[in-house]
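Protein chains: 2
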Amino acid sequence: MTTDPPVLGLVAGDGLYPEYIVRGARRRTPELRIVAVGFKGETNPAVIPLCDVYKEFSVGQLSKPFSFLKKNGVQNVIMAGGINPKNILSLRPDLRALSVLMRMPEKNADSLLGAVITEAEKEGFTILPAFTYMEEHMPQPGHIAGPRPTPEQWEDAVFGMQMAKEITRLHIGQSVIVHHGTVVAVEAIEGTNNCIRRGGELGNGKPATLAKVARLGHDMRFDIPTIGPVTIQTCAECGIRQIALEAGKTILLERDRVEQLCKKHKISLHALQLPEQDGPSPSDRPA
Amino acid sequence: MTTDPPVLGLVAGDGLYPEYIVRGARRRTPELRIVAVGFKGETNPAVIPLCDVYKEFSVGQLSKPFSFLKKNGVQNVIMAGGINPKNILSLRPDLRALSVLMRMPEKNADSLLGAVITEAEKEGFTILPAFTYMEEHMPQPGHIAGPRPTPEQWEDAVFGMQMAKEITRLHIGQSVIVHHGTVVAVEAIEGTNNCIRRGGELGNGKPATLAKVARLGHDMRFDIPTIGPVTIQTCAECGIRQIALEAGKTILLERDRVEQLCKKHKISLHALQLPEQDGPSPSDRPA
Numbered sequence: 004m005t006t007d008p009p010v011l012g013l014v015a016g017d018g019l020y021p022e023y024i025v026r027g028a029r030r031r032t033p034e035l036r037i038v039a040v041g042f043k044g045e046t047n048p049a050v051i052p053l054c055d056v057y058k059e060f061s062v063g064q065l066s067k068p069f070s071f072l073k074k075n076g077v078q079n080v081i082m083a084g085g086i087n088p089k090n091i092l093s094l095r096p097d098l099r100a101l102s103v104l105m106r107m108p109e110k111n112a113d114s115l116l117g118a119v120i121t122e123a124e125k126e127g128f129t130i131l132p133a134f135t136y137m138e139e140h141m142p143q144p145g146h147i148a149g150p151r152p153t154p155e156q157w158e159d160a161v162f163g164m165q166m167a168k169e170i171t172r173l174h175i176g177q178s179v180i181v182h183h184g185t186v187v188a189v190e191a192i193e194g195t196n197n198c199i200r201r202g203g204e205l206g207n208g209k210p211a212t213l214a215k216v217a218r219l220g221h222d223m224r225f226d227i228p229t230i231g232p233v234t235i236q237t238c239a240e241c242g243i244r245q246i247a248l249e250a251g252k253t254i255l256l257e258r259d260r261v262e263q264l265c266k267k268h269k270i271s272l273h274a275l276q277l278p279e280q281d282g283p284s285p286s287d288r289p290a
Numbered sequence: 004m005t006t007d008p009p010v011l012g013l014v015a016g017d018g019l020y021p022e023y024i025v026r027g028a029r030r031r032t033p034e035l036r037i038v039a040v041g042f043k044g045e046t047n048p049a050v051i052p053l054c055d056v057y058k059e060f061s062v063g064q065l066s067k068p069f070s071f072l073k074k075n076g077v078q079n080v081i082m083a084g085g086i087n088p089k090n091i092l093s094l095r096p097d098l099r100a101l102s103v104l105m106r107m108p109e110k111n112a113d114s115l116l117g118a119v120i121t122e123a124e125k126e127g128f129t130i131l132p133a134f135t136y137m138e139e140h141m142p143q144p145g146h147i148a149g150p151r152p153t154p155e156q157w158e159d160a161v162f163g164m165q166m167a168k169e170i171t172r173l174h175i176g177q178s179v180i181v182h183h184g185t186v187v188a189v190e191a192i193e194g195t196n197n198c199i200r201r202g203g204e205l206g207n208g209k210p211a212t213l214a215k216v217a218r219l220g221h222d223m224r225f226d227i228p229t230i231g232p233v234t235i236q237t238c239a240e241c242g243i244r245q246i247a248l249e250a251g252k253t254i255l256l257e258r259d260r261v262e263q264l265c266k267k268h269k270i271s272l273h274a275l276q277l278p279e280q281d282g283p284s285p286s287d288r289p290a
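One line per chain: the protein sequences are A and B, in this order.
So the numbering used here is basically just the index in the first sequence, starting at one, shifted up by 3.
So the numbering used here is basically just the index in the second sequence, starting at one, shifted up by 3.
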């Protein structure tokens with residue numbers, strides 16, 4: 004009796020995250036066959052030669068990628084890396100995606116991804132947690148790089164994490180920029196780097212804090228918030244001097260390079276533990 | 004026995020709002036003596052000749068404006084018009100303002116204004132509602148100008164109002180831009196027009212909705228959200244085709260000009276009633 008080698012399906016969005024998944028998977032299970040779905044203009048070309056099979060689709064297609072994965076014997080799927088929200092807004096859905104969209108009352112990034120996962124499960128796929136093979140890249144609570152935060156910075160970090168968490172409760176975004184106890188910028192769909200640029204400008208070049216969290220009640224099959232050297236570089240250019248990440252729920256890519264950049268630009272980077280459910284809901288908050 | 008003419012103190016921020024207060028007050032009480040505090044680079048110069056006494060101070064001064072108002076016999080004060088949040092961030096507080104700031108855990112625009120009001124009341128001033136003399140400029144529920152919203156637009160308007168209200172609950176801002184059920188931009192301290200510009204761009208030029216509300220549990224002594232021709236013009240340039248205001252709690256300046264602009268640019272402008280705690284009921288839909 005022969006056993007076929009296990010097969011992993013990968014839905015590969017932008018950035019380095021899909022590449023990390025593939026490398027982590029190869030390290031742990033060398034015989035793994037990786038079948039990847041990519042998106043034109045989104046998927047990092049570096050991931051392509053690392054997969055056994057790779058095919059590109061348009062954002063908004065559901066039927067064709069499902070068929071492609073099935074044809075290649077995929078049962079387990081990881082979804083990794085984001086899709087530029089601008090492309091989500093201008094997507095051209097196929098019939099199946101259209102029928103999903105029609106049933107959705109709110110069309111934010113979270114609900115879109117959730118709907119895609121539901122459809123994939125109806126097709127018989129199992130969606131694995133997005134941190135599979137990524138555990139070593141998810142910082143635990145504590146200081147990561149750069150100078151230790153001052154007490155004032157620490158206050159802004161805790162405040163920023165709480166505010167960012169409330170923003171995820173509204174399904175809007177996952178980052179805020181804080182400056183001396185004031186939220187100066189909220190990320191909606193413009194992306195973290197654009198939010199950093201705005202928050203830095205609005206802070207009049209004075210040091211500010213980026214707080215980035217996972218969604219409240221985050222479904223770990225979803226794309227996980229990620230930062231890497233580009234985030235640090237953008238922060239350095241825009242007067243952000245502190246980055247607070249949610250411990251155990253955000254991914255830090257290229258840690259060595261990140262540590263160098265934080266040291267060079269005197270950016271304090273640390274991970275905070277945030278209790279998941281016991282924060283007051285917006286309706287509990289005194290006006 | 005002689006009766007001195009009544010005196011009104013006016014703390015005049017930016018825009019047309021202080022001018023409207025003065026004109027409304029003069030119409031209702033011609034003998035009123037108006038003593039105004041202004042801010043360099045903020046207060047519209049048009050208001051100056053309309054006041055009996057006017058003096059400019061720096062943002063962040065408290066002691067001197069208080070003395071000035073007292074010396075001029077002021078008991079009742081209206082605070083009208085905003086201060087550019089960038090100037091709030093870079094304010095140079097006098098000793099009294101500094102002691103207020105030190106006691107504040109969160110320094111957002113709401114809490115700053117609240118603290119200023121508390122200090123003013125300690126000094127014996129009475130802060131009148133910011134809508135005093137402005138009632139005629141606060142739209143009641145219904146259609147105001149431009150085309151009637153489509154059912155899809157109406158859904159975005161209701162959703163946007165709810166989301167903007169939640170954002171005020173977090174003391175962040177009062178406006179959001181919505182595009183087909185997605186919040187594409189949240190206003191923090193960049194100001195409504197900058198938020199409109201970002202939301203318009205992110206919507207890829209497709210028609211979007213601006214929803215603007217008063218704070219949840221809004222203290223009516225605070226500056227009231229205001230729109231006027233500049234807002235409409237900015238919306239027209241940025242692909243916003245619908246503006247939803249909170250009925251009875253937002254101020255519409257230069258209504259004639261606003262109506263012309265909405266007609267010209269096919270922008271649907273209407274006011275929605277939003278119950279403080281629940282979403283708007285379907286019956287609020289403008290007929």
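Derived by calculation from the structure, the hints in this document are not laboratory data.
Keep in mind it's a predicted model, so treat the numbers as computed, not measured.
Some hints here could point you the wrong way.
Said to hold, decoys possible - 27 Å max Cα-Cα, derived BS3-like pairs, lysine-lysine:
1. B/Lys266 with A/Lys43
2. A/Lys73 with A/Lys58
3. A/Lys209 with B/Lys43
4. B/Lys209 with B/Lys266
5. B/Lys43 with B/Lys67
6. B/Lys125 with B/Lys209
Comparing the hints with the structure gives:
1. B/Lys266 with A/Lys43: violated, 41 Å
2. A/Lys73 with A/Lys58: holds, 13 Å
3. A/Lys209 with B/Lys43: holds, 22 Å
4. B/Lys209 with B/Lys266: holds, 18 Å
5. B/Lys43 with B/Lys67: holds, 14 Å
6. B/Lys125 with B/Lys209: violated, 50 Å
Violated hints, in rising order: 1, 6; the structure is consistent with all others.
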